[in-house]
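Counting with numbering that gives the first Met the number 0, you get residues 0 to 763 for the letters of the sequence shown.
It should be emphasised that the hints constitute simulated quantities derived from the structure, not laboratory data. Wrong hints could be hidden among the right ones.
To be verified - Once the Cα atoms are required to be at most 20 Å apart in a straight line, the calculated SDA-like pairs of lysine to any residue come out as:
{"no.": "1", "residue 1": "K56", "residue 2": "A746"}
{"no.": "2", "residue 1": "K454", "residue 2": "V60"}
{"no.": "3", "residue 1": "K648", "residue 2": "D9"}
{"no.": "4", "residue 1": "K454", "residue 2": "T59"}
{"no.": "5", "residue 1": "K32", "residue 2": "P14"}
{"no.": "6", "residue 1": "K56", "residue 2": "D77"}
{"no.": "7", "residue 1": "K454", "residue 2": "N413"}
{"no.": "8", "residue 1": "K56", "residue 2": "K454"}
{"no.": "9", "residue 1": "K56", "residue 2": "A116"}
{"no.": "10", "residue 1": "K648", "residue 2": "L620"}
{"no.": "11", "residue 1": "K648", "residue 2": "D549"}
{"no.": "12", "residue 1": "K454", "residue 2": "L410"}
{"no.": "13", "residue 1": "K56", "residue 2": "H39"}
{"no.": "14", "residue 1": "K454", "residue 2": "V66"}
{"no.": "15", "residue 1": "K56", "residue 2": "E763"}
{"no.": "16", "residue 1": "K454", "residue 2": "D492"}
{"no.": "17", "residue 1": "K454", "residue 2": "A465"}
{"no.": "18", "residue 1": "K648", "residue 2": "E633"}
{"no.": "19", "residue 1": "K454", "residue 2": "G416"}
{"no.": "20", "residue 1": "K32", "residue 2": "R723"}
{"no.": "21", "residue 1": "K454", "residue 2": "S431"}
{"no.": "22", "residue 1": "K454", "residue 2": "R118"}
{"no.": "23", "residue 1": "K56", "residue 2": "N413"}
{"no.": "24", "residue 1": "K648", "residue 2": "A693"}
{"no.": "25", "residue 1": "K454", "residue 2": "E61"}
{"no.": "26", "residue 1": "K648", "residue 2": "P600"}
{"no.": "27", "residue 1": "K56", "residue 2": "H744"}
{"no.": "28", "residue 1": "K454", "residue 2": "E428"}
{"no.": "29", "residue 1": "K648", "residue 2": "H7"}
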Amino acid sequence: MDPPRSFHGDSFADPFQWLRCADDPAVIDLVEKENAWADHVTAPLRALSDTLVSEFKAHTVETDVTVPIRIGQYWYFDRTEEGSQYVSHQRVPVTLVNDESPAHVDAAPLSPPTIHADRPAPGEETVIDENAQAAGEEFFSVGEWAPSPDGTRVAWLKDTSGDERYTLVVTDIASGRTVDEQVTNVGYGVAWSADSASVLYTRVDDAWRACQVWLHVVGEDPAHDRRLLDEPDERFEVYFEQARDPNWVVITSASTSTSEVWLWPTLQPHHMPVSVTGRRPGVLVSAEPAGDHLLLIHTADSREGSLAIAPLPQVRDEGGAAESVDYSTWHTLIEGDSQGPRLLDVEAYESMCVISMRRDGQTWLEYMTRTAPTTPEAAAASARQHRPDYAQIWSEPRAVLPGAHDNGAVLTMNTVGQLDWHDRLILVECQSITQPPRTVAVDPRDGSAHVLREKAVPGWDAEQRAGYVEERVWVTARDGHTRIPVTLVHRRDAACDGRAAGWLYGYGSYEISNDPEFSVLRLPAIQRGVVFALAHIRGGGEMGRWWYEDGRREVKTHTFTDFIDVGRFLVDAGWVAPHRLIAEGRSAGGLLMGAVTNMAPDLFRVILAGVPFVDALTSILDPSLPLTVGEWEEWGNPIEDREIYTVMKSYSPYENVADGVEYPAIMASTSINDTRVLFGEPLKWVQRLRQATAGNTTAAGRASELGSAAVTTTFAGQSDPTERPIIMRTQMVAGHRGPSGRYGHWASRAEEFAFALSQVGINE
Numbered sequence: 000m001d002p003p004r005s006f007h008g009d010s011f012a013d014p015f016q017w018l019r020c021a022d023d024p025a026v027i028d029l030v031e032k033e034n035a036w037a038d039h040v041t042a043p044l045r046a047l048s049d050t051l052v053s054e055f056k057a058h059t060v061e062t063d064v065t066v067p068i069r070i071g072q073y074w075y076f077d078r079t080e081e082g083s084q085y086v087s088h089q090r091v092p093v094t095l096v097n098d099e100s101p102a103h104v105d106a107a108p109l110s111p112p113t114i115h116a117d118r119p120a121p122g123e124e125t126v127i128d129e130n131a132q133a134a135g136e137e138f139f140s141v142g143e144w145a146p147s148p149d150g151t152r153v154a155w156l157k158d159t160s161g162d163e164r165y166t167l168v169v170t171d172i173a174s175g176r177t178v179d180e181q182v183t184n185v186g187y188g189v190a191w192s193a194d195s196a197s198v199l200y201t202r203v204d205d206a207w208r209a210c211q212v213w214l215h216v217v218g219e220d221p222a223h224d225r226r227l228l229d230e231p232d233e234r235f236e237v238y239f240e241q242a243r244d245p246n247w248v249v250i251t252s253a254s255t256s257t258s259e260v261w262l263w264p265t266l267q268p269h270h271m272p273v274s275v276t277g278r279r280p281g282v283l284v285s286a287e288p289a290g291d292h293l294l295l296i297h298t299a300d301s302r303e304g305s306l307a308i309a310p311l312p313q314v315r316d317e318g319g320a321a322e323s324v325d326y327s328t329w330h331t332l333i334e335g336d337s338q339g340p341r342l343l344d345v346e347a348y349e350s351m352c353v354i355s356m357r358r359d360g361q362t363w364l365e366y367m368t369r370t371a372p373t374t375p376e377a378a379a380a381s382a383r384q385h386r387p388d389y390a391q392i393w394s395e396p397r398a399v400l401p402g403a404h405d406n407g408a409v410l411t412m413n414t415v416g417q418l419d420w421h422d423r424l425i426l427v428e429c430q431s432i433t434q435p436p437r438t439v440a441v442d443p444r445d446g447s448a449h450v451l452r453e454k455a456v457p458g459w460d461a462e463q464r465a466g467y468v469e470e471r472v473w474v475t476a477r478d479g480h481t482r483i484p485v486t487l488v489h490r491r492d493a494a495c496d497g498r499a500a501g502w503l504y505g506y507g508s509y510e511i512s513n514d515p516e517f518s519v520l521r522l523p524a525i526q527r528g529v530v531f532a533l534a535h536i537r538g539g540g541e542m543g544r545w546w547y548e549d550g551r552r553e554v555k556t557h558t559f560t561d562f563i564d565v566g567r568f569l570v571d572a573g574w575v576a577p578h579r580l581i582a583e584g585r586s587a588g589g590l591l592m593g594a595v596t597n598m599a600p601d602l603f604r605v606i607l608a609g610v611p612f613v614d615a616l617t618s619i620l621d622p623s624l625p626l627t628v629g630e631w632e633e634w635g636n637p638i639e640d641r642e643i644y645t646v647m648k649s650y651s652p653y654e655n656v657a658d659g660v661e662y663p664a665i666m667a668s669t670s671i672n673d674t675r676v677l678f679g680e681p682l683k684w685v686q687r688l689r690q691a692t693a694g695n696t697t698a699a700g701r702a703s704e705l706g707s708a709a710v711t712t713t714f715a716g717q718s719d720p721t722e723r724p725i726i727m728r729t730q731m732v733a734g735h736r737g738p739s740g741r742y743g744h745w746a747s748r749a750e751e752f753a754f755a756l757s758q759v760g761i762n763e
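Construct all of the structure, not just a fragment, from the sequences and the given hints.
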């Protein structure tokens, strides 16, 4: 046994700590035995699992295309083909599918062309065929990709193991030939210099922290690559994106509570990035170049964010540095309000900008139009002036789809990621749990909107959807005043009689909003009469920054009690039968699953914990692990802070498993190459749960000492494993998001869903 862990006068002897040693053959042997045990337990569910996969397939138009997005002189879109695991990224020239030139700002807005799934479009060519690239690989994922400004090549990130440490690949589009594949250990982000000769990328350190930005000249030795930015503070991580204004790449270094933004001029790749915001502790800021000025969303004045406008930085002659923007030049366009909407992002185009925000627990979009033209002369004047005449640049904000949430409608709205500076239609994707994604084009000149495409879902047309209700309900938390938003889906004719099965999903961390989105994978359960609920609990971002702050660090337990309170509401209100409630969460949502399993084991019949962060305190106490130092702002630093240590120990799932408790049935799923949550966490958790359930305290120590007999004891010693089994499925070639390829993903999820449904009495 490893020596006891001691912090703040507290000593903890961990009999299963050795299971975090991924290089120990005995650990891998145990993982394989766990998979064999999962095979044994789920064997009777194979027919149901196969049926679910068939239903996933039946609800999917496998040969399909996406709505094209314009970048430069091409429209880019994705194709999927029946029988193919992956997408193929395609494009067509603007000149061959549109009658008018898009180059001039006074021309009519250019709508995306109609691309047919059953035949190629005029001039269509393949940018990246993921199926061809994945040939011979057990796992394959494209992290990001970007076409070169001259349109001849594409840079993309390749992962063939699932550990999200990418290889930078550059491909010649016309021939499909790889022209560069030399740079490895790359993080997220890819962008080009304006001359199409060089590519920006990030490098990750041993802790999988993106800490540097580099410039690689295509075809040259990576040893000659140039480092543009180095972030030494381990709490911060760097990322970047190509601005819609093609003259700039926006680089950000951010922790949970503080960020700094630089601009890198694509026309002058020899220049270093220019800081345009500085770094002020506790202030988050994002910047978007808008032609002749910057648009900034920041929390300097309000935690919910303000929108400001500021001059562009002045880039000096070759070899010189540029001056940072002075805070005194920032001018507020939309003032933050602690009780108002949470401003999240701004996208700037030549003639408009779109602001993403949250209002009343839902997504919301507003836009402003330019009242003064964008010209090179105006940009130069902006850089010279201390206070330009900001009032003459932008109109008042207007709602993109003003009636989207009328009459209590539940709808998630997001922009679709348009990337071209000259775009003058706002493309919005609208969806919910019951509403398949619908792409709407909004003309900012008059606010008119028309539907470009609604994703076809066989067996789920408008008439069938009408048989279900999707609504927002509010649950009062145990403190008596906090109102928790919940998205609830049920049959229209459902009787609230306490007989139905229920499925409660939650996340609640990192200010990530768990918004209602459509998935064909949910339909089989909903169509079997399962009441489905999304719990928008504290720690997430659904209600704004304050909602997040009220569910982290010292008050993290609010996340867990909110979820339990929602679950009890579903049962008490008669929506769900006692002992027929499924709970699901993944990653940090897996921490949620582990915590509520300990806090309310009698409430849930079955727990689905995907890549669960269930040995949280052990991980956050180890700065050598991936992500730990950066996570201290999210969870607190238990090494230095006694209170944080005490709070984390009170909820860390592994350490709070209690002997003799009747726990729910549990299926933990993980991946051997997951970098974000190491597979040793759920492996330890499952052993401890079985030990507690069996009342067996002998299964501790080194595998070399205990051998397979100890493993057999933890499996067979569990009280009635067929009644409430505890199993763990490890994907041997996969990453944090599970197997790659849609059919592999379907099979994995079908096994989990079959396990859950069978536990609540649904076996076919």
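>> Just to be careful, I want the Cα atoms of K454 and N413 compared with a cutoff of 20 Å; is the pair within it?
In response: holds, 15 Å
> When you check the alpha-carbon spacing of K454 and R118, does it fall within 20 Å?
Replying inline: Distance ~18 Å between K454 and R118 Cα, so the pair holds.
> Are the Cα positions of K56 and H744 separated by 20 Å at most?
Replying inline: holds, 12 Å
> Does K32 pair with P14 here, judged by a C-alpha cut-off of 20 Å?
Replying inline: holds, 19 Å
> Taking only the CA atoms, is the gap from K454 to D492 under or equal to 20 Å?
Replying inline: Measuring from Cα to Cα gives roughly 26 Å; hence the hint is violated.
> Has the given pair, K56 with A746, been kept, meaning a C-alpha gap of at most 20 Å?
Replying inline: Given pair K56, A746 holds - Cα atoms ~11 Å apart, limit 20 Å.
> Do the alpha carbons of K454 and T59 lie within 20 Å of each other, as the hint requires?
Replying inline: holds, 10 Å
> Are the Cα atoms of K56 and N413 separated by 20 Å or less?
Replying inline: It is violated: about 26 Å lies between the C-alpha atoms, which goes past 20 Å.
>> Tell me if the straight-line CA distance from K648 to A693 falls inside 20 Å.
In response: violated, 24 Å
> Is K454 close enough to E61, meaning Cα to Cα at most 20 Å?
Replying inline: Roughly 12 Å separates the two Cα atoms, so the pair holds.
> Regarding the pair K648 and D549, is the alpha-carbon distance no greater than 20 Å?
Replying inline: holds, 19 Å
> Are K454 and A465 close enough, with their CA atoms no more than 20 Å apart?
Replying inline: holds, 17 Å
Checked against the numbered hints given earlier, this structure breaks hints 13, 16, 23, 24; the rest are met.
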